[in-house]
Structure formats: C-alpha cells, structure tokens
Amino acid sequence: MNYSAELSELIEEFQAIDDKMERLEMVFDLADEVNLLPLEDWNDATRVHGCQSEAHVKVGLVDSNVNFQAGADSKLVQGLMGILTMAIHGINADEVLTLTPDFATEMGILNSLSPSRSNGFRNMFDKVMSEIKQQM
Amino acid sequence: MRDEFPILQREINGYPLVYLDNAATTQKPNSVIDAMNDYYSNSNANVHRAVHTLAGEATEGYESCRTALKSRFNANKAIITSGTTEAINLVAHAWGRANLSDGDAIILTEMEHHSDIVPWQMLAQEMNIELRYVPVQKDLTLDMDLFEAAIDGAKLVCVVHISNVLGVCNPVADIVRIAKENGARVLLDAAQSAPHQDIDFIELGADFMAFSAHKMCGPTGIGALLVADDAFSEMQPFMGGGDMIETVSIRGSTYQKNEQKFEAGTPRIAEAIGWTEAIKWLNGIDIKSEHERILQSARWLAGQLREMGMTVYGRHDDNDAAVVSFLHPTMNSEDLAHLLDARGFAVRTGHHCAQPLLERLEITGTVRVSLYFYNTHEEVISFVNYLSEILERFA
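Residue numbers (numbering that gives the first Met the number 0), protein chains in the order written: chain S, 0 to 135; chain H, 0 to 394.
This is chain H alone, in the form it adopts within the complex:
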C-alpha cells in the first residue's frame, strides 16, 4: 500500500518521513494525483452548461464524485462544499436561518471542533438562539444524562462523531434516536469518522453529515454535506450565483431543485475528480481490519507513552480513532515536535482547534499522533525509540 503514496518515500533532514499527522490531513495515492493531472492535461473545462466534449468530460468527472459519495455513504443528497467547515456553515445559513427563530435552542458538545462552534455562535448572536453545551466527563465521554436533560425544546443537535483530539467515538446512534424522539434535527461532524469507518447515512438517521476529502486521501479544498430528504426540503439557497439557478430575469430568479442549488459558481472540478479516486481507493480497502490494525498500534503507543511518564488523553475503545494525544510533564510540546521533526517524524501540537475541550481538560494543548491506514507498527516503534532518545537528551 505504501508504494502507492509517493510522498511516503520522501526523506526529511536525511531521514525517512514518518507521517503521523493524519487527523490534520492524509497523504494522497498516485491514483488521486494522476486523475487530477489528467483532468488538467486532457479534460479541463467548465461543468454543466457547454455541449462540447471537454465540458462533457468535466461534468461527468465532477458528478462522478457525487455518485461515489452517495454510494459509499448511502445518501440521497450530497452537496459538494469546500470542506467540513463550509458544510457546517451551509447548514447554519441554508437550514438555520430558515428554520430557527428567536428563543430556539441548539445543542452542541464541549468536544466540538471550532468549526462546529463558531458558526453557531455567530448565528446565535444574530438570531437570539440559545446554545446548550453537553459537557465532557472525566472518562472523556459525553455526559449523556445532561444531553437528555438538554434536549427538551432543542431544534438542532450538532455533534462530532469522533473527536479530533481524543479519538473518542461518540454514541451517535443513541444521540440521533434521542434527538428524533424530541423532534430535533441532527448535524454530524464526520470529519474524523468518514475516513475511518463505513457509515450508512440513511440507516444512522442523522439529517446532515459534514466531512472533508483531504482527511480521506482526497484533495484539499473539497468536502461534502450529506442531507436527508426531509431536511433538504427545508433548506433555502445560501450563496447566489451561476450554476445554482434555473432561470434568471431582471424580475427575479428560480433555483435548481437538486444539490446544485447550494453549489453556486464554478465548482472544484479537479478536486472532485481526485476525490472520486480517493473514494475508490478507500472502497478497495478492508476498512474494518485496517482500522483494528492501526488502533492496536495506537493502544500500544498509549501504553508506552504512559510508561514513559506522559499523560495520555484518550481511551482507545474499539470504534475510537487511532489518535494518541499526550503531554510530557515538563517538556514543552512544540519543542518536542521540533526535535521529532529533526528526524522526520511529523506530529501535531497545539489546541487542535478544540479549545473548549482543552479548557475542560485543564490543558492548553497536546502533542497528537494520528495514524492512517498506510502507517505501520514499525513506524510507531521507531517513534517510541526516538522519543526515548529525545527525553534522555533533553528532558
């Protein structure tokens, strides 16, 4: 598998790259790179309108991404966005503005990424909406009793499927059930789960699901919002422009009926074509056994780090992501990351865009190792060995 990813052959400072920052973004296989290259070399044109050959190929390529998304995640509607952040903002503007009013409540959790907090804070300020935050408990799970207590009167529940800091997988099936029993719509931030799990959107029963291509071996700058049919019918156009209209006259405009209603302007054609290849790549993988394999490595790593005196933030249950966040008792995280980089190890440090969660954990940041399917256990062992060397020399 590693041979398919050219960047994994790279050396950093004369050492083989050990890329352990996959929760931030994943690397791309040749098939994705080649498809994007081929599009620009042979098929570049704008989509949907023109009748010439290139336009046909571009349209077919772009729409193949939507088809691949619907098929992989079992969804009827897939709006292509610039990524998870835009997908969530789209729900806030296209659904929130049309369906929420003064005094309504939205439920969020303390585990959310900033991209699933800030759009709601902005909307709340503008529309006088109450935001209720479900706390994270000491065992790093959501307080489901308080979630149930908060659901009464809420119109929307926004929840992260898998935490980008902790790797904890939230009980989304229960959350959807409880929300539905109380008449609330559910938005799932699946940025970290869509790359790691097989998700059946219709079976899960959520109303919206947002995720990004680049965390699942696809290009940057593209993502999707899956929408259930009922919720789709409640959405009003957000951005106006070309491609989202049916007709325009000086007296007014009519809009497309399908997902294009929410895709104003020239879309990300090359990126969509690249993402289609990434989805094909993912479809060809036994995701369950690959996930188990890297989770085992993450569990082993967490154990080693604890033995080295680190505080590890994570529990690594079966559905959790292979993410290990940790802190050394005295050594500055960024210093550690610089030293790791000197030998080719790429990790992430900082608040990971989840400051409310870190505030709850009473820390300001962590060092985060996040694995993907091309990582090997040998890489994790070499990480531990080199980390021990760093601590001996610098701690």
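Looking at chain S on its own, in the form it has when it is part of the complex:
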C-alpha cells in the first residue's frame, strides 16, 4: 500500500516505539491534530455507533478533497481521530478511498487498545469511507 509521506512517517514513528505507554502517549498527543467538530453539531447522524465513548465525525468534500471534523469524550479516541485526520484530511477523495484500516494495524495501535476500542476505530473508519463515497 502506498501511503502519503506524512502517513508513512507516522507509521514509522509508531513502529519504532516498543513501550505501550509511550505509544498511548503518542496517540494522546495526536488528539491535537483533529479539526474539532463543535459539540452543538454532535447528533445521531454524526455519531460513531459501536464505540464505547461518545465519538462523532463529519465528512465533507472541498474541491474533491476530504474535509474531516471529529470529536470524542475520550482523549484516546480523539487521538485515533487525529491519526485518521493525518491520513485523510485535505487529501483527494479518490486517493482516500484506496485506504484500508491496515495502516492502523501497521502502526501497532490497534493491538495496544481494548477490542472494543479497536472495533470503534474500524467503525469510525467505515463510516467515514461510506460518507465520502456518498458525497462523490
């Protein structure tokens, strides 16, 4: 799979970390990368179902590029949203649609999380991808 330079670099950074705590810390830090979806825009349509936390995402297309906003009550989940932001935000929708959740597995983050959290990430990924498709 060919990833963007930014995403490839992020995957490498995660792969270089052995300590689970440090990996989680890095996910926490990536929460700052999220373009926050304001709380007042959280609704049933934006909600990521099957996630134990309150997690909301909104996707739009600007000149064929993905515009991704998100928010969660968990910093860890918001960190995962930050990773997804780096993977898809501002990138051409056709290119984004070639992505699979494998990049998160390659980073080693999904096996650092509880099964419910990693399922939540996959649900978020699927929701985002299907909304991009709908808008194309």
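Just so you know, these hints were derived from the structure itself, not from any lab. Take these hints with a grain of salt, some might be off.
To be verified - Here chain S is said to cover these stretches of chain H; the calculated rule only asks that three of the stretch's residues, wherever they fall, bring their Cβ under 8 Å from a Cβ of chain S:
no., stretch
1, 325–335
2, 340–353
As the list claims (entries may be wrong) - Where chain H lies over chain S, by a calculated footprint (3+ residues, C-beta under 8 Å):
no., stretch
3, 19–32
4, 68–75
5, 112–119
Idealized CB from N, CA, C, for every residue including glycine.
For this one, chain S is given, so just place chain H on it according to the hints.
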C-alpha cells in the same frame, strides 16, 4: 498464598500483573486448575447413569461440589446452575411462574445488578406483575423506610447482598425479617458476598441465594442456587431433558425429587470438580481477618484517591467489600484504564451492569478497583503511585 496462583506470576507489557478486577472474576489456584485437568485426563465420563468406574468417579466428583456447597453455606438444597444469572432466572421461571399471578408485586432495589432486574422485568411483562424498586439514598444505603412501606402485598423480595459497584453490604438480616413478617419470599443475590463472607443460609432465613463459582476462585460457567425447603417444594421444573426425570414414557414423565429436577442435561462436571477445590481453598482461609486486611487497603486507597481529587463512590463499612469505585473530574475512565493496563494494572470501567444505580448517582460509569485475598497492600500502593504518574502526564 500468591504462589498458589500461577497467573499472578505473569507480566503484562513487561510489568508484573497487578490484578484489581476481582469483582468481575477472581484468579484460580493450582488446586482448581489441577483438579479440572486431572478430571479430563483420568476420569472424564457422564454422571449419574452408567455403572462403569469413570462414571462413578465423575458422579462422585460432581456431587462432591454440592456437598461442599451445602456444608460451606449451611444449606439443605443446592441446585447447580451456570452462574448467578441462571440461578436468578431459575427462580423467576421455576418459582415465579408457579407462585405469582396477575397483580402480584415483587420488590427490587436500585442497587441490583442487571441480572437481578431483567429476568423480573421479563416476567412482569408476561404475567402483569408490579415491580417496586427500593431507592438508594445519598449515603449509598437502601432507603429502609421505603422498603417497609413497599413490602405490603409483595410476594418476593430480590436484593443484592453486596453491591458490585459500591461494595456496600445491605442489611439483609433486617430485610429477611421484614419480608418474613409480611409473608414474602426473599432472593439474595450473593455474587459479591459469597466470596467474601461466611454466610449461614439457614440462619439468615432467606429462601433463595444465588452466586457464582468464578468470583470465589472457582471456574467460570458454574454457580449455585441455594433454596430453603419450603420454597423448594413450591418450585416447578423449568428446563426439561435428561437427568431431571425419574421416568419418561410417551404418555408423560415423572421428575426427580431432589435438586436434579432443576439440572436438565449433562451438567458442568469438570467445573463442579474445580469449584469443590476452590471451596476447600476458601475453607482453609481465615476469611474474617483476610477480609479486614483487604478492606483496610481499600479504605486507604479511597482516602488517597480523594486526596488526588477523585470522587469515590463507597463508604467501606466493616461488612462492605474491598471495592473502590471512583471517577476523575476530567479524565475519561477508559483512557485511564488503558494507561493503567500499559503498566500491568487490571481494573474495570463502565456501568458494571448496574445502570439504574448509576442513574441514581447521576453518572454513566466508574473506574472500579476490587481486591481479593491474594492482593497485597504493596500492590495498592504501587497502583496509587502509578496513577499519580498518569495524572501528572495526562490529566
């Protein structure tokens, strides 16, 4: 004691496991693991019918569990179930359907686990039964005035002995007395109390007591329903099948007279054999002093957490369990649990299957630390130290 539990030697992410999720399930000593292994290696057979040697050993092993249960909890009848949940459902189906009718009332409390709410809601819907819930007060105790007010006309009282969220021990002796004075039967959910206390079922006077093996160092998938003689005579078979019958013909069937009437199908033989060993292990422990020891640790932990700015949900009276539920003012509980797990600390987060209680407390979940007899105070200290580190780095 810790040497007897092989899993406690395990490392998680390169750090020693500190297992603090004992209200969910406890770890198993070698004696339990070995007994189950030995059964499958040397004695595996079906129980009760065949006359061959293996069947005899399997039957003896299975029935030794019933004997051990009756002896430990002083009961005349011990029905072996898949756990607390099935035991409560058994009361709903085998006793409830036969003894309740349109317009009857059942008393529950807001402190119940979902497994002591949902079966009654299902029965209530089907049979038009009224459910009356005793509220939990601000001091985390049951409102006994409202319990007394609700008892009139109730046929059954279902109450949790020790809350799995708060560790609060309810005044079950008073509840049984009041229920009996008013002609109501009592079902005690003892999932959290049976592992932590010496309970004399006959002396307590409850009619039913449900609990699980896995919360008292036994295997998963097995539990028991202790039943008083009077109540037992009022129960009708629930599940039909092999083992629960006396004779079967095409004209009809007759049923066993004893507990087997409620144990249709091949039972959990290896699990029963493992549970017997767990009960022996528990019998060998000075449960009172061990309980005092871990309760002291829980009290210390609650104090430390309060000093760290957490809200602690619990009071830790003498008979309460060594359970400490808490919340950080801003940090998400699951985030905290993930960070704790990174250094080998196993705690529970979420609603703990007690959503009505959490609704009363106006919260959606807690982080829960629950101790058992193999936990040490040093583990609790290391938990506090590491939690402080997490808060410094992430909160």
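Hint-by-hint comparison with the structure:
Only residues whose C-beta sits within less than 8 Å of a C-beta in chain S count toward coverage, and the stretch 325–335 of chain H has 4 of them, enough to reach three; the restraint holds. Evaluation of the coverage hint for the stretch 340–353 of chain H: fulfilled, as 4 residues show C-beta separations to chain S shorter than 8 Å, against a requirement of three. Counting residues of the stretch 19–32 of chain S whose beta carbon lies closer than 8 Å to any beta carbon of chain H gives 5, which reaches the threshold of three, so the coverage claim holds. By the rule of at least three residues with a Cβ nearer than 8 Å to a Cβ of chain H, the coverage given for the stretch 68–75 of chain S holds, with 4 such residues.
Closer than 8 Å: that is the beta-carbon criterion, and the stretch 112–119 of chain S has 3 residues meeting it against chain H, so the requirement of 3 holds.
Consistency note: the structure conflicts with none of the earlier hints.
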